[in-house]
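Protein chains: 2
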Amino acid sequence: MSRKLVILTEGHTNPHTAKTASCIIRYRRDEVVALLDATQAGKTTQDLLGVGGDLPVVSKLGEADGANTLLLGIAPPGGKIPASWRAIILEAIAKKMNILAGLHDFLSDDPEFVAAAEKNGVTLTDVRKNAERTIARRVGLRSDCLRVLTVGHDCSVGKMVTSVELTHALKARGQAAKFIATGQTGIMVEGDGCPIDRVIADFVSGSVEKMILEHQHNDILIVEGQGSLIHPSYSAVTLGLLHGALPHAMVMCYEVGRDCITGVEHVKIPPLAKIIQLNEMMASITQASRVIGIAMNSRRVNADEAEQERERVRAELGLPVCDVIRHGPDELVDAILAFKATDGWKAGE
Amino acid sequence: MSRKLVILTEGHTNPHTAKTASCIIRYRRDEVVALLDATQAGKTTQDLLGVGGDLPVVSKLGEADGANTLLLGIAPPGGKIPASWRAIILEAIAKKMNILAGLHDFLSDDPEFVAAAEKNGVTLTDVRKNAERTIARRVGLRSDCLRVLTVGHDCSVGKMVTSVELTHALKARGQAAKFIATGQTGIMVEGDGCPIDRVIADFVSGSVEKMILEHQHNDILIVEGQGSLIHPSYSAVTLGLLHGALPHAMVMCYEVGRDCITGVEHVKIPPLAKIIQLNEMMASITQASRVIGIAMNSRRVNADEAEQERERVRAELGLPVCDVIRHGPDELVDAILAFKATDGWKAGE
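Heads up: the protein sequence lines correspond to chains W and D, in order. As numbered in my numbering, residues 1 to 349 make up the first sequence, in order. As numbered in my numbering, residues 1001 to 1349 make up the second sequence, in order.
Among these hints, one or two may not hold up.
Dumping the calculated BS3-like pairs for lysine-lysine here, alpha-carbon to alpha-carbon at most 27 Å [stated by the list, open to error]:
id, chain 1, residue 1, chain 2, residue 2
1, D, K1060, W, K129
2, D, K1346, D, K1171
3, D, K1129, W, K80
4, W, K60, W, K96
5, D, K1210, W, K80
6, D, K1268, W, K346
7, D, K1119, D, K1171
8, W, K210, D, K1080
9, D, K1274, W, K346
10, W, K129, D, K1096
11, W, K268, D, K1096
12, W, K4, W, K43
13, D, K1346, W, K268
14, D, K1274, W, K274
Hints in this document: simulated from the structure, not taken from any laboratory.
Generate the whole structure from the sequences, applying the supplied hints.
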């Protein structure tokens, strides 16, 4: 039986909080039956999230015809299940639906959900659950597998989407490329990966290195970035990822107009040039690594403004710049292939 | 009933692997009855670890007169219990001893240990166990509590010992200072703290910030560093700690003669000046922070060599330098108090 999803975003259907929903709709549209948010019923996901075309927003589980799985579609800070969602989750279980979640609070640790799931013969899947105990060793890395990491000036700026779009485009050009998912949504999209923000701190780099070693028979790995080196709350995840992935090249992702750090809005985001400098320094401790392009997320501005910003950043940084959704990823794909052709990176490790 | 410890280091009694044992002996000598290592029985801990005077190394639990607690005294990479130790731990439990451990493998997750402990009415304490779920918010930090973080060029170079010695010396000079323990040994020494390398990556900075908020009624917090920003395996822990502690000043700890990274010995440690630069850059994103002194660990060299090295590093970096054990911590304490007196740091946050 194939997976037919109804995505729960009740009360949270906006592009920022419902980023799991947005990305599943973007990359797994054929599996999605409806979005569930009684406060927005009657609209489409295109209206609210900018993706999905005529995919409906419904007010009741019963209106999601044919759905067999409830996916929790938000990524709140700290990853907690909103209290008001309990009844909806229990109703879905009673309707014999499987539940799929990526939160820090595990469904499978909740006695009420576990008992209900057993009674109804359905599964509770916590994508963030892991038992990672691998320490990074920096041994056995294939010298001619190009590792590219997306990095960012903040969390939730489009590192996952950029990584997926780059991987798709590289494959379309005949490259043996693989997307390395490091967050719950990326894992749901790709079908494999590791939720590194949920790994015990000592093993973050090791869990990333393990994925690299597993997939380095590909010629290019595009590794999904997490957080930001300048984020006061999540920089541990970011640096562990950077040192576990040991990228030869990086793509810097940023959102046009964002100037405060998500979750700590009283702290300003430094200029992009500064963030590039910090990433290059921390990535280049044992081998050279540099930012080779900029992925701008221009969803909050119009086409003219996006074009002006693109030119401004190109001129300021001397790097290729594009919005992988608005402009397509070709300019960054060209940059990756040009970098790959230089061969100098193979001497690194 | 007061705690009387026998410390288990069977087969691992050297200053590097048995660093938990060394530090407990150094700072909790009055609680320790003996060290247990049948391969070294008859020697003293002073012979093997350089601390403890005539504290005996015994070959059997029965020789540790009056001990009521077995402490597992090593800190191996990955934090696993050596397989050969199971029988010793079970024997201690059968002798009605409590067990105290700081490993990643929890005694309290092991059905055989749990059953034996229940049967014998003893406790299993896993110092690394935690349920941290706090996200760093950068809100509520007291502007006139000076935060000093020990940082390092590698793991296991003496950040904990430096932090404890600095705190003791500051208190002796009448300062309201507090040691903030962030690792299992520091917690055993201080009696409180958080084992941040065992915290889920998303919550590392938050768990540190929580301790800062709890103890900032003191005038000076000396925060125990972990790992190194340049360590390929553990840098996630280090950066999360740096951003959670948001130090005004840092003390750089290094071991004389160490040139390869612990656990990844094929990777060279960069020069100290470079590591200071990286730490200052990553610490100064939102407020200025700088390294104000160097704690050298000179245990592998003689007094003359230590003095030469001290002069060399002083001249190279223009900073106060001392080995807090060999020379005492006064030079670094002077540097902290001089920095505190400048007042400029209070404008930071």
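A quick look at each hint next to the structure:
Of the pairs offered as hints, the one joining D/K1060 and W/K129 is violated, with about 41 Å between alpha carbons and a cut-off of 27 Å exceeded. Pair hint D/K1346 plus D/K1171 holds up; C-alpha atoms about 21 Å apart against a cutoff of 27 Å. Between D/K1129 and W/K80, the direct Cα distance comes to roughly 21 Å. Compliance with the 27 Å bound is thereby established for this hinted pair. Note on W/K60 and W/K96: the hinted pairing holds, with a Cα-Cα distance of about 15 Å set against a maximum of 27 Å.
Taking the CA atoms of D/K1210 and W/K80, the gap is near 19 Å; set against the 27 Å cutoff, the hint holds. A C-alpha spacing of about 19 Å is found between D/K1268 and W/K346, which places the hinted pair at or below 27 Å, so the restraint holds. Distance check on the hinted pair: D/K1119 and D/K1171 sit about 44 Å apart at the alpha-carbon level, beyond 27 Å; violated. With a C-alpha separation of about 19 Å, the suggested pair W/K210 and D/K1080 falls inside the 27 Å cut-off, and the hint holds.
About 24 Å separates the Cα atoms of D/K1274 and W/K346, which keeps this hinted pair within 27 Å; it holds. The straight-line distance between the Cα atoms of W/K129 and D/K1096 is roughly 36 Å, outside the 27 Å bound, and the hint therefore fails. The suggested pairing of W/K268 with D/K1096 is violated, with an alpha-carbon distance near 56 Å, which exceeds 27 Å. A distance of roughly 20 Å separates the Cα atoms of W/K4 and W/K43; the hinted pair therefore holds under the 27 Å criterion.
A threshold of 27 Å between alpha carbons decides the hint, and for D/K1346 with W/K268 the separation of about 19 Å falls inside it, so the pair holds. Between D/K1274 and W/K274, the direct Cα distance comes to roughly 18 Å. Compliance with the 27 Å bound is thereby established for this hinted pair.
Checked against the numbered hints given earlier, this structure breaks hints 1, 7, 10, 11; the rest are met.
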